[in-house]
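2 protein chains.
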Amino acid sequence: MKIVLLGSGNVATHLAKALKANGEDVLQIYSPNLVNARWLANQLSAEAVDDLSHINQDAELYIISVKDDAIAPVAASLAHVNGLVVHTSGTTDIQVLASHVKQAGVFYPLQTFSKAKDVSFLNIPLCIEATDQTQLSMLRQLAFKLSEKVYELDGQKRKILHLAAVFACNFPNHLYAMANEILQENDLDFDIIRPLIAETADKVMSNLPENVQTGPAIRNDETTMSKHLGMLESKPEMKHIYQTLSDSIKLTLK
Amino acid sequence: MKIVLLGSGNVATHLAKALKANGEDVLQIYSPNLVNARWLANQLSAEAVDDLSHINQDAELYIISVKDDAIAPVAASLAHVNGLVVHTSGTTDIQVLASHVKQAGVFYPLQTFSKAKDVSFLNIPLCIEATDQTQLSMLRQLAFKLSEKVYELDGQKRKILHLAAVFACNFPNHLYAMANEILQENDLDFDIIRPLIAETADKVMSNLPENVQTGPAIRNDETTMSKHLGMLESKPEMKHIYQTLSDSIKLTLK
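In the order they appear, the protein sequences are chains A and B.
Each residue of the first sequence is one higher than the one before, starting from 1 at the first, in this note's numbering.
Each residue of the second sequence is one higher than the one before, starting from 1 at the first, in this note's numbering.
These aren't lab readings, by the way, just hints derived from the structure by calculation.
No incorrect hints appear here.
Remember, identical chains collapse to one label, so a pair may be satisfied in a single copy or spanning two.
Here are the computed lysine to aspartate or glutamate pairs in the EDC-like style, where the Cα-Cα straight-line distance is at most 16 Å:
id : residue 1 : residue 2
1  : K145      : D25
2  : K235      : E185
3  : K20       : D118
4  : K157      : E185
5  : K250      : E210
6  : K157      : D191
7  : K250      : E222
8  : K227      : D69
9  : K250      : D221
Chain A with its partners taken away, still in its complex shape (with noise of 0.2 Å):
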């Protein structure tokens, strides 16, 4: 399929090197910096371009993966195009493209993307949505190329997986941060900590969360939580995050 790129952040990376390894034709990548542009397109074989008014007018589908506020702005220079053009925001309505271009869709990768680190699409859940049957079978299929995952979901339920996500993701991630703080203020190495955090996110490959809760909280072990709090009296940021997050899990106990 011939496609045009807009964008050249860590989900337009990921999924233009996802597509080219599918034997997908990607023929441009947009991005207002010609260095970014170039940098990604130099990997696709693609070409590169900073100007919106030289986007290829023939392809299938357009791909805007930019931020979100960004969406619309670069949509309404797609108007005259005839194929679909998609953007892969979680929290974007579909009617941010539809109300600028002919043929509006949603390919939305459920995944958190780094540059630094790659990833296999194959596992990677795929939203998408469109307004037009045709077009959504299209999109389907282009899907289910790069993955095994692919859900058909409305824009209310996309936003909720996206909200969900935030609280998967980042802000675990956020919280192994304050680990490795608290672990290196003590000339402890994060590697002592690695294990535990790929095992617990193991568990609920197979668990429910909730049935698989540990810690002080959950056994409502009120002495090690103020012995934890005592420690973190010198980080008033760190302690406010420990009452909310174990008064949070105290109010799941039966």
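Go by the hints and put chain B onto chain A.
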């Protein structure tokens, strides 16, 4: 090595099985609840006891793996044994044992254990401590039989580690549970978010978490954050957690 295990909870169960699998001689399992003692002892061909006065006096190692506040009373019953007495607690000082028994030590596996899920001990950090160098050496040898990751840590560092573990394990698991609550209320399956959880943990196996933070807060994407807070209007507790953790992530913005 002749070992008596005092306790039959998650840690005791997993530890007992690992000891047995490594050819150690688990003589007895003690629990004040005889059914629990028998349940575990049967799996190990050990003797089940529910009376501390019936503990074998000739073992080389006594492992106390009970709730923190039960450690001292159990240790008191081992005042006359010549073997090494260790506990498996992250937060309890070695002195709680040393004030009761002849030889005291600590054998703290830094992992989250649930009866529902087997774990391999090989990758579990074992944190050891002993008041006597000969006993420490014995503990070190045992630890390296079970795991490749053995750390000799004093009580202060062990307590730091335990605190960090709450941030790296117990709190993230609770956030997974919140994600599941959000999903279930909207007829979405937890399955859809499992690859994200796995990748979030996997990413910090080779990166430091502060370097791979993603999400609306680290982008300072106020539009998305206020959408999310709006979606949590009917859940004040989750809304408070969202706000607290987002504020904390924003503080790390350079």
